[in-house]
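Keeping their order, the protein sequence lines are chains A and B.
According to numbering that gives the first Met the number 0, the first sequence is numbered sequentially starting from 0.
According to numbering that gives the first Met the number 0, the second sequence is numbered sequentially starting from 0.
Calculated from the structure, these hints are not laboratory results.
This one's a predicted model, so the numbers in the text were calculated from it and none came from an experiment.
Among the clues, some could well be false.
Said to hold, decoys possible - From the derived model, a few chain A residues whose C-beta atoms are all more than 12 Å from chain B:
no. : residue
1   : 21
2   : 53
3   : 54
4   : 55
5   : 58
6   : 59
7   : 124
Stated by the list, open to error - Calculated cross-link-like contacts (lysine to any residue; reagent style SDA-like; alpha-carbon spacing at most 20 Å):
no. : chain 1 : residue 1 : chain 2 : residue 2
8   : A       : 51        : B       : 29
9   : B       : 65        : B       : 171
10  : B       : 137       : A       : 130
11  : B       : 27        : A       : 101
12  : B       : 123       : A       : 122
13  : B       : 65        : B       : 172
14  : B       : 18        : A       : 66
For glycine and all other residues, C-beta sits at the position ideal for the given N, C-alpha and C.
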Amino acid sequence: MRSDTTELGDARRRVEALVCDLPGGNVDERMFAEPWELRAFSMAVAAYHNGKYEWSEFQLSLIQAIRQWEEGNAGEPWSYYEHWLTALESVLADNGVLSDADVDARTREVLAVPRNANHHEAHREPVAVSPARG
Amino acid sequence: MAPTDTPLRTQAEIAARVKALESMLIEKGIMTTEAIDRLAEIYENEVGPQLGAQVVARAWTDPEFKARLLADASAACAEMGIGGLQGEEMVVVENTDAVHNAIVCTLCSCYPWPVLGLPPNWYKAPAYRSRIVREPRKVLAEDFGFPVPDDVEVRIWDSSSELRYWVLPQRPAGTEHLGAFELAALVTRDSMIGVGPVGTP
Numbered sequence: 000m001r002s003d004t005t006e007l008g009d010a011r012r013r014v015e016a017l018v019c020d021l022p023g024g025n026v027d028e029r030m031f032a033e034p035w036e037l038r039a040f041s042m043a044v045a046a047y048h049n050g051k052y053e054w055s056e057f058q059l060s061l062i063q064a065i066r067q068w069e070e071g072n073a074g075e076p077w078s079y080y081e082h083w084l085t086a087l088e089s090v091l092a093d094n095g096v097l098s099d100a101d102v103d104a105r106t107r108e109v110l111a112v113p114r115n116a117n118h119h120e121a122h123r124e125p126v127a128v129s130p131a132r133g
Numbered sequence: 000m001a002p003t004d005t006p007l008r009t010q011a012e013i014a015a016r017v018k019a020l021e022s023m024l025i026e027k028g029i030m031t032t033e034a035i036d037r038l039a040e041i042y043e044n045e046v047g048p049q050l051g052a053q054v055v056a057r058a059w060t061d062p063e064f065k066a067r068l069l070a071d072a073s074a075a076c077a078e079m080g081i082g083g084l085q086g087e088e089m090v091v092v093e094n095t096d097a098v099h100n101a102i103v104c105t106l107c108s109c110y111p112w113p114v115l116g117l118p119p120n121w122y123k124a125p126a127y128r129s130r131i132v133r134e135p136r137k138v139l140a141e142d143f144g145f146p147v148p149d150d151v152e153v154r155i156w157d158s159s160s161e162l163r164y165w166v167l168p169q170r171p172a173g174t175e176h177l178g179a180f181e182l183a184a185l186v187t188r189d190s191m192i193g194v195g196p197v198g199t200p
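With the rest of the complex left out, here is chain A (with noise of 0.2 Å):
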């Protein structure tokens, strides 16, 4: 159940060897505030991973995403993995691998489901008890 960290500490280098060189580099931004940063972070470097498309474009992809919001969007606050998630969907479009009507069809599918589908009971007592001995 514990990790080798070993093996942890050489993935993760082999990860930051692909992030040193992209815009938006300081640390704090860096930082996962929030679950769904950390999974778009690590799609885009998965997808990188199966041979979608090269890191470069990528890259390109996310100085772009950055130059819109410089450019435009009053109001809107700095999000760095916002626009990492902008690069990814447009890195992929440009790849022919998926549209952005197609996302935006199964989110509103994601968003229809309630949160409580499957899971609804809530459990107000211990599920399992193991009394003191002895």
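Starting from the known structure of chain A, fit chain B onto it as the hints suggest.
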């Protein structure tokens, strides 16, 4: 193009979009859940658990806050600017000399992620979800190397989408001189799940 033209999206909408994207890429065989989990695992300790650790450290140093935390964890966490997106109710269960608590989600992987970040893979695995309920002492001792003394009762709490539990571990001995910042550094993710100890100074 992605919808940069839409006005402010809520965090819940963005989270749904990420989920949608992930499910589509998996269906298309572009990546596997395992590959994403594996990458996420590299960073998972950087999301979340430090927020829970701050809450625990404050509870250890501020008895009135602790009382509020145990009475209404969602409200107490909100005081510190920590909260869920969908208003799930959170309940904190306190470890004492007589009772040790641990959490599980028996049906899926409900987890108090606003305070603990992403669940570790083993938390989502069927083995943990079933065995921690059937033989909690054995799982804690054998799988986690964290035996609970015989004279301490073990309680296992089942989280759901409505109600998410997490554990307030006991403040370790010999930390009377430490401030909240140093105390928070001792609080581990596993100690808030109830499957591991807090650190020692």
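So, against the hints stated earlier in the document, which numbers end up violated here?
7, 14
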